[in-house]
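Q: The residues making up each chain are set out below.
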Amino acid sequence: DAGVIQSPRHEVTEMGQEVTLRCKPISGHNSLFWYRQTMMRGLELLIYFNNNVPIDDSGMPEDRFSAKMPNASFSTLKIQPSEPRDSAVYFCASSFWWDSASTDTQYFGPGTRLTVL
Amino acid sequence: SQKIEQNSEALNIQEGKTATLTCNYTNYSPAYLQWYRQDPGRGPVFLLLIRENEKEKRKERLKVTFDTTLKQSLFHITASQPADSATYLCALGDRGQNFVFGPGTRLSVLP
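Sequence order for the protein chains is A and B. Our numbering puts the first residue of the first sequence at 1, with every later residue one more than the last. Our numbering puts the first residue of the second sequence at 1001, with every later residue one more than the last.
No wet-lab data here; the hints were simulated from the structure. Please note that a few of the clues may not be correct.
[As the list claims (entries may be wrong)] Just a few of them, taken from the derived set where beta-carbon distance is under 10 Å, the chain A residues facing chain B:
1) Ser7
2) Gln37
3) Arg41
4) Ala101
5) Asp104
6) Gly109
In this text, a Cβ means the ideal position worked out from N, Cα and C, and glycines have one as well.
Bound conformation, chain A alone (with noise of 0.2 Å):
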């Protein structure tokens, strides 16, 4: 297996641009979540999905993050517009769940690096 797939692996944009990230999961794999990493903050997480459904999106930081599901092989994460302090890495991560007695193991992708300018 590929492993989780994420693009770009680098971005580097101007304050107020728009910036799209993009997942490919792991195949079989039904929950996605959206991180962000930074040396202040740590890993945070963003959204999650669940079977495609946004199921809690209450690290968003703002309005000008969204993140969409389209179906079970991709996923994307905008943010619109831009700003210096969106700088960190954001990772993306599969697993598989299915029930309260399941456990989350979480698969990661390599990562974006966004810098805005």
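We have chain A already, so just place chain B on it with the hints.
A: Okay, now just chain B, sitting in the frame of chain A:
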């Protein structure tokens, strides 16, 4: 609010010694706890899982303990090697999909 602490930001030990990392939590009732390893420029990688009704788990040179009374997990790497140098993150999960990562401890094993 939920809080997870890991013993220190950084830990330096000599090769061959046992590294012990600590994960403490408050205001949380985890059903299980996981440890992940993260190398620079990469995503976290799952290492071990221990459930609330388990006291200890082992995998090769790794050992995890879980004390729900103390609200603490210890992660041990025996016979440490320079290749074990990385950041180690603990993560707590409940019976829903409420999953929270700790801040991580950066381990350096010195030759």
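Q: The structure should be examined with respect to each hint, and the outcome stated for every one.
A: We went through each hint and held it up to the structure:
1. Ser7: For A/Ser7, the interface hint is violated, since the closest Cβ of chain B sits about 14 Å away, which is over 10 Å.
2. Gln37: 9 Å, holds
3. Arg41: Hint holds; A/Arg41 Cβ to chain B Cβ min 9 Å, cut 10 Å.
4. Ala101: At 8 Å from the nearest chain B Cβ, A/Ala101 passes the 10 Å test, so the hint holds.
5. Asp104: 5 Å, holds
6. Gly109: Hint on A/Gly109: holds, closest Cβ of chain B at ~6 Å, below 10 Å.
When the structure is compared with the earlier hints, a violation turns up for hint 1 alone.
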